[in-house]
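**Q** Each chain is listed here by its residues.
2 protein chains.
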Amino acid sequence: MKTPAYDSLASTYTRLYRLGHLQSIAGWDQASNMPPKGNEARSAAMAEMAALLHRMRTDPTLGEFLARAGQEPLDEAQRANLREIGRDWRRATALPEDLVQRRELATSRCEHAWRTQRPANDWPGFLQNFKPVLAIAREQAALLAGRSGLSRYDALMDHFEPGMTSARVDQIFGDVRGWLPGLIRQVRERQALNPAIDPVGPFPVERQRWLCEQVMRVLGFDFEAGRLDVSAHPFCGGVPEDVRMTTRFAADGFLGSLMGTVHETGHGRYEQNLPRELLGQPVAEPRSMALHESQSLSFEMQLGGHPGFAALLSPLLDQAFGAQPAFAPDNLHRLIIRVKPGLIRVDADEVTYPAHIILRYEIERPLIEGEIEPEDIPALWDAGMMELLGLDTRGNFTDGPLQDVHWPAGLLGYFPCYSLGAMYAAQWFAAIRRQTPDLDARIGAGDLAPAFAWLKDNIWTQASRWTTDELAVRASGETLNPAFFRAHLERRYLG
Amino acid sequence: MKTPAYDSLASTYTRLYRLGHLQSIAGWDQASNMPPKGNEARSAAMAEMAALLHRMRTDPTLGEFLARAGQEPLDEAQRANLREIGRDWRRATALPEDLVQRRELATSRCEHAWRTQRPANDWPGFLQNFKPVLAIAREQAALLAGRSGLSRYDALMDHFEPGMTSARVDQIFGDVRGWLPGLIRQVRERQALNPAIDPVGPFPVERQRWLCEQVMRVLGFDFEAGRLDVSAHPFCGGVPEDVRMTTRFAADGFLGSLMGTVHETGHGRYEQNLPRELLGQPVAEPRSMALHESQSLSFEMQLGGHPGFAALLSPLLDQAFGAQPAFAPDNLHRLIIRVKPGLIRVDADEVTYPAHIILRYEIERPLIEGEIEPEDIPALWDAGMMELLGLDTRGNFTDGPLQDVHWPAGLLGYFPCYSLGAMYAAQWFAAIRRQTPDLDARIGAGDLAPAFAWLKDNIWTQASRWTTDELAVRASGETLNPAFFRAHLERRYLG
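Protein sequences appear in the order of chains L and P.
For the first sequence, the working numbering begins at 1 and goes up steadily by one.
For the second sequence, the working numbering begins at 1001 and goes up steadily by one.
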């Protein structure tokens, strides 16, 4: 059967994928290697490339091919690919090339400056670079909203989480807001009765690096197809064939870096297990950012917070830093699942984590809708942290609204995906337990294989073949159901 | 004055420069970071980009703009830029896009495989990948020769060293062949009378890295605009705004890595001092590869072999590895200028170095002209090494024809530039001594500034504003004169 229009689209997307490969590697390099004076030229190069890719993706002939390919005799994977190409094309053609180029320049400059402004607690300096980033994000949101009929914020979120709306997020987060503060209180009271012993340093950076790499191996990361490096903000970048994970090390503690690495390893394995035969086509891309986060949180929270994981970790810690009472499996598990409201999202435990997300969502949604301005952020931040976690953050921008890379990088509409991901992860593990009733005993014995096999079959290799809802139903029998998350927390922390 | 055609060309070259930036960084990453399973996708990405850039550079409208810009009221720098754009355009349009793409794929694969084949002494394995690389290089040479009227080898060499011909190289190298073996013998007899004390290890890699970075600072490398990393074959890559130097460390000796770093720092400073206001345009590119090597060899040989450099180095070595008799300035200088025929080009002293180049030139020229085949290389290599340096290399491919990255990377026609560069470097230092008669006393006192100032004014910031001959005349009063090189060697080693 001949499918000339489809083939032509597929070959354009292969070219986009290959050029995007260079963009990804240069982006990773920018965050992990690049010296400061390289930034101006790098930003210009990234903007040039973004404009070029945008031009390729909005070529009017693609629209004709899309229409014609719909009439061709495609198989199921091809049809799914065509759906994803269409989605990409509709979003891309809504945005003029000069906006894409301006966005690239503004975010690249803002992110680069943020790397020194954050430690300097320089909120006014940050505002100067962030205002253009926000102005462009609003412009983009308005264009995408006009095309899709979604609200402005929803139009941005749709890029990361197709099909998700702020109405649904409001409902889910509203529910969490109702039970979370009480749960945090209960868990803290309970944990206070059985406190964990703190580990005693020093924790030399080189030993931490060794430890992180060992744990990545335990978690199945393929070092022949990826690396671990250091950056200001940990992320998982690169390309599926060459996954570039980053972490950051603190000399006074290893657990933050280690669990951050466990988190990124979940992202990394998703990327490393996307369907090879389809790589280069949109259908082979990760389904969505909530799905991506559901993998990092399956690793960090579902597996990482399991007593069996602490048992696996314990001898590695002895090897890395020398044995000490804090490294005993029971104590280690208590340390890992210790709930303590803190300022930093990426260091947060899984119970207080949703508070960080709700806070950000409740700022960035009205920010995009034009209901508030960047100058309003600190006051809202302070109020939200006090209300949700009882913490005073006034004047501390470093550990406040400057802590995340997302806003400087222009990733507005992303934050909800973290908590939606945590909810999906709980839903996946409920499904895994149905398939493997002795799952906990097996993890307890150090056997992570059943979990990995399920994730590989149901998530990683499925990539974007189905819509998110379809994938969730195929994998777990229903669409996103936040009840699994609450049940997971109550079982682990109050059970 | 309006110059629309010129402006249009300049803006195309700015775009090429920006996209080339990503290609350079990805190329550096490929050699210094990339895990093995990343190579297939990286090669495809690099080939896609090479084809894209080639398509941009051969756009027929550029030819029209070139013709019209020649009639526009351009200033001197613009006129020079137009000359360089024309040169680039004529070379690019001689090659079809599919050749460029095939070349990228073949060299990328060959170079990647070479990284493991070299240590494995796997000549037959290498041949398999090298044959397609050579076939494409020959095809390219034939096309360029047809366009330019040059011989095939000259047409390749012209890319690296515009205006240089194998007739001139034959004459220069023929002369060197006449006096070199005798000089090596004389120098070795003389040095045997006053042998150097060898340094005693260990030389921990982390201390070596510290040492290299200190020496780079002494030599004026700007770490805000560049880095030092590790790769199998040291090189200086990246972009002028972000120079990526590499070295390799051996635990049993530090001098090879250190002097290699001094060499690459010369390349690095050239790049870091290209004229900022013109960056992005061909006129701001380094003049030629012999000129580039004249900078690395000005650093490694002219400065690095000077007694004053040993005096600068001595306290740094004490700091790096602890004091020992070998690190005394006089002994250190004897170590640095010790002449000893060896198998490895990049480790060779400046007296035996030309022998390595003549050997390679006498193989790659007939290889490109189709007079010999890749299977003939080992026998020619063995014979040449025996004749020129008295060394038996039979069966040792690792330290023989597999030692350099140039052939696997498809860089045929490059090797002569090293020795031409050494000759230019000697010519520059003769000119610097005329301008600064107390140069040796100043270098002896640790003051390298006069040499750097001259190189900056006469070479680095001049970039491609003049042809190589014009630049040499402006800088030193005459075109390339190899007599300075011979005089330098006789003065330093027999004086």
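Simulated from the structure, these hints should not be mistaken for laboratory data.
Among the hints, a few may not be true.
[To be verified] Output of the computed footprint for chain P on chain L, the stretches with three or more beta carbons under 8 Å from beta carbons of chain P:
#, region
1, 17–27
2, 48–58
3, 103–117
4, 369–377
[Stated by the list, open to error] When the alpha-carbon atoms are kept at most 27 Å apart in a straight line, the in silico BS3-like pairs for lysine-lysine are as follows:
#, chain 1, residue 1, chain 2, residue 2
5, L, K131, L, K37
6, P, K1037, L, K456
7, P, K1037, P, K1131
8, L, K37, P, K1456
Positions of the beta carbon are idealized from the N, C-alpha and C atoms, including for glycine.
**Q** Now tell me if each hint is right for this structure.
**A** Comparing the hints with the structure gives:
| no. | hint | result |
| --- | --- | --- |
| 1 | 17–27 | holds (count 7) |
| 2 | 48–58 | holds (count 3) |
| 3 | 103–117 | violated (count 0) |
| 4 | 369–377 | violated (count 0) |
| 5 | L:K131 / L:K37 | 23 Å, holds |
| 6 | P:K1037 / L:K456 | 20 Å, holds |
| 7 | P:K1037 / P:K1131 | 23 Å, holds |
| 8 | L:K37 / P:K1456 | 20 Å, holds |
Hint compliance for this structure: hints 3 and 4 are not met, and every other hint is.
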